[in-house]
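Modelling step: build the complete structure from the supplied sequences, incorporating the hints.
Mind the numbering: the sequence shown is residues 724 to 1237 in my numbering, read in order.
Calculated from the structure, these hints are not laboratory results.
Check before you lean on any hint, since a few could be wrong.
Said to hold, decoys possible - Here are the simulated distance ranges between beta carbons:
1) Asp893 with Tyr749: 50 to 60 Å
2) Ala850 with Val1018: 29 to 39 Å
3) Thr781 with Thr1237: 41 to 51 Å
4) Ser943 with Arg1190: 42 to 52 Å
5) Leu879 with Arg1193: 35 to 45 Å
6) Arg821 with Ala1117: 21 to 31 Å
7) Arg858 with Arg818: 29 to 39 Å
8) Arg821 with Thr1149: 44 to 54 Å
Ideal Cβ placement from N, Cα and C applies to all residues, glycine included.
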Amino acid sequence: MSPAGVPSSDRSLRADVRLLGETLGYVLVEQEGEETLALEERIRQLARRGRAGDREATDALAATIAALPVETQAVILRAFSMYFHLANIAEQHHRVRRRREIERGGGILRESLAEALDLLAEAGVAADDLDRAARRVRVELVLTAHPTEALPRTILEKHRRLEALLERLDDPRATPLERTATTDELAEEVTILWQTDEVRSNRPRVVDEIRQGLWFVEESLWDAAAELTATWRARLAGTPLRFGSWIGGDRDGNPNVGPATVREAVERGAALARELLQREVRRLAASWGMSTTLVDADEAVASVDLPRESNATEPYRRRLTAIWERLGADDYEDADELRAELDLVETSLRRHGGERIADGGLAALRRRLDVFGLHGMSLDLRIHSRTLDEDRDAVRALFGEAATLQRRRGRSVVDTVIVSMTRAPTDVLTTEALAAEAGLDVAVVPLLETIDDLRGAAALVGEVLDRSPRDRLEVMVGYSDSGKDGGPLTAQWEVFRAQEALAWLAGERGVELT
724 MSPAGVPSSD RSLRADVRLL GETLGYVLVE QEGEETLALE ERIRQLARRG RAGDREATDA
784 LAATIAALPV ETQAVILRAF SMYFHLANIA EQHHRVRRRR EIERGGGILR ESLAEALDLL
844 AEAGVAADDL DRAARRVRVE LVLTAHPTEA LPRTILEKHR RLEALLERLD DPRATPLERT
904 ATTDELAEEV TILWQTDEVR SNRPRVVDEI RQGLWFVEES LWDAAAELTA TWRARLAGTP
964 LRFGSWIGGD RDGNPNVGPA TVREAVERGA ALARELLQRE VRRLAASWGM STTLVDADEA
1024 VASVDLPRES NATEPYRRRL TAIWERLGAD DYEDADELRA ELDLVETSLR RHGGERIADG
1084 GLAALRRRLD VFGLHGMSLD LRIHSRTLDE DRDAVRALFG EAATLQRRRG RSVVDTVIVS
1144 MTRAPTDVLT TEALAAEAGL DVAVVPLLET IDDLRGAAAL VGEVLDRSPR DRLEVMVGYS
1204 DSGKDGGPLT AQWEVFRAQE ALAWLAGERG VELT
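This is how it looks when you write it as structure tokens:
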């Protein structure tokens, strides 16, 4: 299979797509026969001509597909689906490659944080003003569950493996023998993919969705967050990035969500956060061999509950070992207690010639702790407004479990309740009352989703503020259901108008609105 629709200027991308497409073609011949590849190519050419306006080709395409047995149609569909997945992998790899090329050449990526900061500096924004504004920035990226769109973990891991092989092929130091071995591995992975069913035999359970979300944290977000916050901290104060999730707490999106899934999401997320922090601590401990026979260290660093003979002259390794053990035992009250221990380590390093060490691996560990804490991601609960009347006991049970988890692991584990299809101020106020009854400390967020609700956003929020004054309120405005209600253009316009009206109201009332 050959690349189509790829910009000619991106030669490296075209080469990767061609390589993956040709490899898929070889696999098709091996697994399904040459006639399958020939049929796929015929269908592709007819489709291409049809897109160019050839009506005869369009008719021939329809007739060709209609004449195929269902089993053959399925094979052809899988071939095209896999090709597009492979092309996406190549494109993702190319974006990373282009970014590195630009940065190696001393350039700045368009629409990047670095470009934004440079533009602000050129516009004359004072550094102190920028620093004050940076301290107020909070960016929370939220994972939502779309089980019908999610690929099985095995498939996702194969995609990552293919991207790693493409990166290996980019290495100019690779010998011809090494390149041949890499392309052989690539063909092996594509063959495994062809023989792997992308369609689950069973409907995903909520726990499967939870595992899937945490896989992305472990495999991607954990390191990406550290990289992004390092870029931020190089020029700005604070650590604005946080992660949230609806997976396991979205009862409106999945009726199987309940107290048990809330507990599962929170406990699995916290366990993963501790495990990943342990991994970082272990790396530091393995690397840090600083000895008091050569350099002093504060007594507080070495004062840990370990056998005295264990790394007796290596206080930093002793402290990190103790931290590793406490993380494994789930022994920290909260993230601040761990931060206090890391403060001891950092203070000692800076006092005894270890500034560069403190600014290296230790700073990276602290950035991860700032982003993920000991809980990983904050779980949002989402309920439909009608459940406040129709199934209030279920809401009480959900809130009760969340309150129990807060008492055990802190407020951050569940800090928001979203009320879908909020139609009246009572939807917000009743939810707040039920949360208070359960001892649940959360922000209740109205989600306004229809055209009428968007148009009435300011009036609704104004009445909430009249009946229950506050300094801060979060409001969500949705375009998904409003798009179904009034069409995408009308929905976007009404979302914009609702945002304007809410911003004006917040200014008038002196309320911080997000």
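Here is what the structure says about each hint:
Checked against the hint of 50 to 60 Å, the C-beta distance between aspartate 893 and tyrosine 749 comes to roughly 22 Å, which is inconsistent with it. A beta carbon spacing of about 35 Å between alanine 850 and valine 1018 agrees with the range 29 to 39 Å that was offered as a hint. At about 50 Å, the CB distance of threonine 781 to threonine 1237 agrees with the hint of 41 to 51 Å. Hint check: serine 943 to arginine 1190, Cβ distance near 43 Å, so the stated range 42 to 52 Å holds.
Checked against the hint of 35 to 45 Å, the pair leucine 879 and arginine 1193 passes, with Cβ atoms roughly 42 Å apart. Taking 21 to 31 Å as the suggested C-beta distance range, the pair arginine 821 and alanine 1117 does not conform, at roughly 49 Å. For arginine 858 and arginine 818, the hinted distance range of 29 to 39 Å is satisfied, since their beta carbons lie about 31 Å from each other. Checked against the hint of 44 to 54 Å, the C-beta distance between arginine 821 and threonine 1149 comes to roughly 52 Å, which is consistent with it.
Of the numbered hints given earlier, the model fails hints 1, 6; all others are met.
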